[in-house]
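Protein chains: 2
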Amino acid sequence: MDPRVEEHARILVDWSTDIQRDDDVVLSAGPDAHELLVALERELGTRGANPITLYSSDEASRAYLKAHDGDFSLPEHTLALYEACDAALHIRSDANLAALNDVPGKTLAARSRVTKPIIEERLSKRWCLTQHPTNAHAQNADLSLAAYRDFVYGAILRDWAAVEERQEELRKRLDAADEVRVVAGETDVQMSVDGMHAINSSGRHNMPSGEVFTAPIPDSVEGTVHFDKPLIHQGRQMEGVRLRFADGVVVDSAAERNEEALDDLLDTDEGARRLGELGIGTNREIDRFTKNMLFDEKMGETVHLALGRAYDANVGEGRTGNDSAVHVDMILDTSEGRIEFDGEVVQEGGRFVWE
Amino acid sequence: MDPRVEEHARILVDWSTDIQRDDDVVLSAGPDAHELLVALERELGTRGANPITLYSSDEASRAYLKAHDGDFSLPEHTLALYEACDAALHIRSDANLAALNDVPGKTLAARSRVTKPIIEERLSKRWCLTQHPTNAHAQNADLSLAAYRDFVYGAILRDWAAVEERQEELRKRLDAADEVRVVAGETDVQMSVDGMHAINSSGRHNMPSGEVFTAPIPDSVEGTVHFDKPLIHQGRQMEGVRLRFADGVVVDSAAERNEEALDDLLDTDEGARRLGELGIGTNREIDRFTKNMLFDEKMGETVHLALGRAYDANVGEGRTGNDSAVHVDMILDTSEGRIEFDGEVVQEGGRFVWE
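Heads up: the sequence lines are chains A and B, in that order.
Counting in the numbering used here, the first sequence runs from 132 upward without gaps.
Counting in the numbering used here, the second sequence runs from 132 upward without gaps.
Chain A with its partners taken away, still in its complex shape (with noise of 0.2 Å):
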């Protein structure tokens, strides 16, 4: 076995999810997956931990998703799943990224609104997301298997507690901040993050992680931005997505390539319309896109902005925070443009001021 991959899973259990004894651990992962999920169980079996694992397939969601009549119900018994499990680690490796590309956006979104109560249960408990390299997500990224597992593993194999210390400056000044603005090519846009928690994301719940994000007051978002590189929903692909917010709503929206996909994400619910999250991404080991939001959104020199639900970590007392079905990821490129916290600018062509 290729020792990254062994690296790989002592990180999730280890740093990203502290598994301890009889910790009941849920495992997600497709079949393409097989050695990291072979060498998780080796370092569960290590810990004394319980693993279950999910077989997760795109290609068996879409066969069930489009035989459904679109009647969904709560599927109570993996709602009792993760009711009862301490951890739950998610390993994206996908064998085809496009498996859903039929299945209509609206049956997707209702499905998404019926499972809502499993997301929670799931985010409310140690959680991690992860990637395996496939040939899929490989493809996706323009590169080679083996080129994109070095990349990968470049992204993951790091020393986090370091990360952690170096972005701890940033956390501080956005957690203290009102007002944040963002002004790059076509974008500029402001909205109030008063009383939120800023929090310094280094591979708890995103392995690769690199970001310190927060929650924007879901009512004070306003202005235009312009989404500069193409995002995946559900296994749809749009590009040159522009969105305009008045009094945090998004009131005009239109997208280059898929404009429908955009539609039926704003169309899921009232929460789809507003912004759960404002991410600035620190990970510069993270050197391309890759159409993958969870090594994209970490990039150095970006920021992101996620439609849907803001995250309960993010969200002070006495506020509140965006509620949706989804959580989408938006990227902008700051490398020609800056960031003010409170009117004062924190980063500047891509650099911190402090940097």
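Just so you know, these hints were derived from the structure itself, not from any lab.
All figures in this text were calculated on a predicted structure; none of them were measured in a lab.
Do not rely on the hints blindly, as some may be mistaken.
Sample of chain A residues facing chain B (criterion: CB under 7 Å; computed from the structure) [claimed, not checked]:
{"no.": "1", "residue": "Asp-155"}
{"no.": "2", "residue": "Gly-176"}
{"no.": "3", "residue": "Glu-190"}
Examples of chain A residues lying across from chain B (beta carbon under 7 Å, computed) [stated by the list, open to error]:
{"no.": "4", "residue": "Thr-209"}
{"no.": "5", "residue": "Ala-215"}
{"no.": "6", "residue": "His-357"}
{"no.": "7", "residue": "Asp-359"}
For every residue, glycine included, the Cβ atom is placed at its ideal position computed from N, Cα and C.
Based on these hints, arrange chain B on the given structure of chain A.
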């Protein structure tokens, strides 16, 4: 997709587990059963049921078990999953039947003891065990994959209502019997089944099926049995097993091959030394031994006896069935022997007297 895979899925969902709208269903399979999983997801979607699929891999289990110190705890999340489900389908689809061979039998037995409540919970639901043809199972049967597929689907794609009807005469007679005696080769064993319920097994819990079975009174088994067909328990193959029973307990045991595995099995717990099942195979579509109990025990002109747990459904009012963490079937050929109920011959030379 091979249309036989789709037909198999329909039989499992309609005949075996009678899936209804909103049923919460647990599927369990290895990656080699991917096609059948896709077909099952389609059938479950059509019926508006809710699937969750567990990733079953002996290679992953081996990594876990070998790393563990042996002081296992009950996976509460897995128990919660089965408690909350309506039906469970386990699909045998191994990639390597020797994958657990270097795990100590004591480790496997210790794990079985701890996870017993999960097995019991699953058996309290609508459940079915079935087979997807893989190269590992084909090789184990000394068949090419194509020939093994023909064998598997020949045994499975049948009119199960008609099978059920044909088996009813045997069920009635076994249900009414007090004493059963089996004489074949070196075997001469008798036991009481007084007050126990005989069950007509026609594809609800095992697919394929084709047997009538009951539970012995645990203390009543007397005599000697020579199992002339190989058997596999937790990946370990035993051959030529001989057992002598007195007052229901195994007092002498030997195996021509892998006696250590037999000893580990018998030492699992107290109930592992007593019989939990007497079954009579009726399925003449299964025309060869394939070293796979799901098929072998259903073969016409055979009897099987199981060490370990009795099925609750066999145990009559005021009766006690055998209890254990294990249930291990062993087969003997009756094609040149005879079966007696209360001193009356019901099968001789492999033919039932009413045939």
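Tell me the hint numbers this structure goes against, listed in increasing order. Hints 6, 7 not satisfied by this model.
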